[in-house]
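Residue strings, one per chain:
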Amino acid sequence: MSETETPTPAPIRGLGHSVRRKEDDRFIRGKGTYVDDVKLPGMLHMALLRSPLAHARITNLDPSGALATPGVVAVITGRDLDAHGLAWMPTLSADTQAVLALDKVLFQGQEVAAVVAEDPYVAADALELIDVDYDPLPPVVDPQRALDPDAPLLREDKPEQTSNHIFHWERGDKQATDRAFAQADRVVSVDTFYPRCHPSPLETCGCVADVNPATGKATIWMTSQAPHAHRTLFALVAGLPEQNIRIISPDLGGGFGNKVPIYPGYVVATVASLLLGRPVKWVEDRTGNLISTGFARDYHMNGEMALDADGRILGLRSRVIADHGAFNAAAQPSKFPAGLFHIFTGSYDVPAAWCEVDGVYTNKAPGGIAYRCSFRVTEASFLIERLVQKAATELGVDPADFRRNNFIKPEQFPYHSPVGWVYDSGDYGRALDLALEKLGYQELRREQAERRARGELMGIGIASFTEVVGAGHGAEYDIAGLRMFDSAELRVHPTGKAILKLGVKSQGQGHETTFAQIVAGELGIQPEDIAVVEGDTDNTPYGLGTYASRSTPVGGAATAMVARKLRDKATKIAAHLLEVAEEDVEYAEGRFSVRGAPDRAKTIQDVAFAAYTNLPEGMEAGLEGVTYYDPPNMTYPFGTYCVVVDVDRGTGQWKVRKMVAVDDCGVRINPMIVEGQIHGGLTEGYGIAAMELITFDEQGNCIGQNFTDYLLPTSWETPRFETYETVTPSPHHPIGAKGVGESATVGSPAAYVNAVLDALEPLGITNIDMPLTSDKVWAAIQDQEREAAS
Amino acid sequence: MKVTVTVNDSEHSAEVEPRLLLVHFLRETLSLTGTHIGCDTSHCGACTVLVDGVPVKSCTYLAVQADGRSIETVEGLLDGGQLSPIQAAFKQEHGLQCGFCTPGMMLAAKALLATNPDPSDEEIRWALSGNICRCTGYMNIVRAVQAAAKAAAESQPQEVPA
Chain A
2 MSETETPTPA PIRGLGHSVR RKEDDRFIRG KGTYVDDVKL PGMLHMALLR SPLAHARITN
62 LDPSGALATP GVVAVITGRD LDAHGLAWMP TLSADTQAVL ALDKVLFQGQ EVAAVVAEDP
122 YVAADALELI DVDYDPLPPV VDPQRALDPD APLLREDKPE QTSNHIFHWE RGDKQATDRA
182 FAQADRVVSV DTFYPRCHPS PLETCGCVAD VNPATGKATI WMTSQAPHAH RTLFALVAGL
242 PEQNIRIISP DLGGGFGNKV PIYPGYVVAT VASLLLGRPV KWVEDRTGNL ISTGFARDYH
302 MNGEMALDAD GRILGLRSRV IADHGAFNAA AQPSKFPAGL FHIFTGSYDV PAAWCEVDGV
362 YTNKAPGGIA YRCSFRVTEA SFLIERLVQK AATELGVDPA DFRRNNFIKP EQFPYHSPVG
422 WVYDSGDYGR ALDLALEKLG YQELRREQAE RRARGELMGI GIASFTEVVG AGHGAEYDIA
482 GLRMFDSAEL RVHPTGKAIL KLGVKSQGQG HETTFAQIVA GELGIQPEDI AVVEGDTDNT
542 PYGLGTYASR STPVGGAATA MVARKLRDKA TKIAAHLLEV AEEDVEYAEG RFSVRGAPDR
602 AKTIQDVAFA AYTNLPEGME AGLEGVTYYD PPNMTYPFGT YCVVVDVDRG TGQWKVRKMV
662 AVDDCGVRIN PMIVEGQIHG GLTEGYGIAA MELITFDEQG NCIGQNFTDY LLPTSWETPR
722 FETYETVTPS PHHPIGAKGV GESATVGSPA AYVNAVLDAL EPLGITNIDM PLTSDKVWAA
782 IQDQEREAAS
Chain B
1299 MKVTVTVNDS EHSAEVEPRL LLVHFLRETL SLTGTHIGCD TSHCGACTVL VDGVPVKSCT
1359 YLAVQADGRS IETVEGLLDG GQLSPIQAAF KQEHGLQCGF CTPGMMLAAK ALLATNPDPS
1419 DEEIRWALSG NICRCTGYMN IVRAVQAAAK AAAESQPQEV PA
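Protein sequence lines correspond, in order, to chains A and B.
Under this note's numbering, the first residue of the first sequence carries the number 2, and numbering increases by one thereafter.
Under this note's numbering, the first residue of the second sequence carries the number 1299, and numbering increases by one thereafter.
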């Protein structure tokens, strides 16, 4: 031991530490900067006029009343945009979408004109003074009806479009699957509609566009989950040189997929700024957000499961009608028009599977996006977990036993699924067993039997989900052709502090803390000494952004890899400082020491300083680097969620008595943040199962235009959650992590629905489509009781 | 119309349109952008401020209604330059993610604790049920309010029964 007392260095708070979030300091003081907080000198305000009708021809548009209003600077119409070739824009699914309608409107809420004024109140007033004459056309609301040969053709703007059918897509081996069904002892079927819902981040979408008339530089503060991709798309759409576009996505008030697409408002505000030479702010109101921006789901699903006599799954097949609304604005990798729906075999070892999806145009808002979901994984997970529950019920076996009997076994990983996935790692039985133990499953089943004998309705629902998250790799997954890699740039300053710049973009997930912890784990610099920068395309490396739970699998991997790159250089510098060979230096916890002589050491801070002051001969100065990471595979987080409900027979109301969630997302970087993500997802899953619904009347009027009609769970209704974990690292991720942000939204709806349907099973009720509002549950009970009485 | 209001202990006077909403008065006239707008219809509570100590949704409350009253916004929560117990607890208990609902949520919590210094889980959930959070699932918000209540109780001189 050395004789002088050296203070013990604080442990490096890298992986596994619940570091309190760095971003919170500004948020709890009200000092965040969201788009609506951006104010520029001379800034104008824009408001959008929206169509009141779902399907109509525009026969006349007269803006003169609005233009005559004091304070109004401009009215922009589709004709004005058309003069600049900007009336249409490409969607993320290679369709075209009207920026402002020209001759025809295709959904209620479609953007028709914009008013730009000195004051937002004046802009809103002037919308009322734009005179539009509409000639109503028959609205097409039902996607089945849309496919009828005599259905009105919606997309007359597309010469190649002769029907309302958008795409047909299949995956799997149809013949092998049909053979499995031919050999089946029993076939179980579920028909269910996963209804249209909306992510509804608490902050709506908006932008401040500032095109500098002298330099032509367009700086656009924008609610964007993918700022780099949006910059490129802006360049392609507007023909602006890309170096003259800077997208800044500042603090975002949630996203959940809603802020992935490019919306007409962004484009019109940018055009307005370009034409008027002044900054233009557009922030949509809640109704605009709900009726026009990216909705989710709207999948009419049929699923069938072939079973042998022992209750083993032989095959799965599914047919889906996907309602994409008026424009196919789905945010999906281009090879996958139905997203990753083909993960529909879930956690089960299924020998043969086949699915087909048909996309359809209707007179509804365009989409869809993945509401806290990795491209349609939610729909797939819901379908398989409903099928599993129904199979167990029909077979008269315990649904937990049925799952255990059919799970992919731990020794089968990496598991090649019949539709082409390669599951990286999993231990499904362990997660299920832990959930059942924490729930007190056997005791609850006994209680349920007693209650059923008394005519009471109590249910236990299980969902053992598997997700597929973290796209790419880039050869397979892209957004509008841009490969889905992601990036990290790390610079260590002379004083040993650092700045990390990322291509992903937090919307509340805590990246400033989590990603600093990854660097801390690799380089030994404390998280508070690392600034994390995202969302400014002039100042961060190119990346595809944050959605589909891809930040940790891809951006997190890039961060670990760039830190390792710097550590390699740091090791060389340390060897130089320690006057030993590089091979004799070993690294641990921010210290580079001589092998066998741990007291002879240099800290990362010593090395960083030397990188700028005392380099080995011939070495380039500095300690910085950039990594673009293209993952070799997706990550496959999984878990089991269990819900216990009591259903009131007289009112149809149901209440969650207990919910246990076991998640396995591999290695957890910040356990506190991971748990917070799961809480949030379980709540959004509950909202979808219980109350969230965007629906339409027969005229195509959207019901769900504000929070009176579109119900979100408050603290009062939201269940209490118990969360637990198992850890099965991803074998291909540099730190063994998987994505987790969406697991709970993906997995939990089926658990809630299975619980309610389990409660209703004695009445013979086998399906109620979400949301399971009390009136629907009550009506189902009434129907069954009436039937039983007659 | 002229309004004079006290915001976070400072008096402000301004000529405003009678229809100007309080939230716009705070955000635009006074540049206090910590108060957010989430829904325009009083449902989400992102715009919650305290008017004479009572939580009010400032997106459906006119600036002129606040004339002569005292308003507290998130910017006024600091206590002698330090984080107040509620702010500290929201960070410590991970009671926020995107931060958009947080100012309104903290002010609703402050109003609750002013009248009920030791609320139960149910009482907290009821008191905050006018404030929607899309990120946290409320679990950690409830924990934060409980922690803030505990911290406030510990910093108060204990009353000794006579």
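In case anyone wonders, no lab produced these hints; they're calculated from the structure.
Hints may contain errors.
Only part of the chain A face toward chain B is listed, based on derived beta-carbon distances under 10 Å [to be verified]:
(1) G31
(2) Y135
(3) A152
(4) S201
(5) L203
(6) T205
(7) D252
(8) E305
(9) G509
(10) Q510
(11) G511
(12) G677
(13) N707
Don't be surprised by glycine CBs; every beta carbon is placed ideally from N, CA and C.
Do the hints match the structure? See the list:
no.	hint	verdict
1	G31	holds, 2 Å
2	Y135	violated, 25 Å
3	A152	violated, 35 Å
4	S201	holds, 7 Å
5	L203	holds, 4 Å
6	T205	holds, 8 Å
7	D252	holds, 7 Å
8	E305	violated, 34 Å
9	G509	holds, 3 Å
10	Q510	holds, 7 Å
11	G511	holds, 7 Å
12	G677	holds, 5 Å
13	N707	holds, 5 Å
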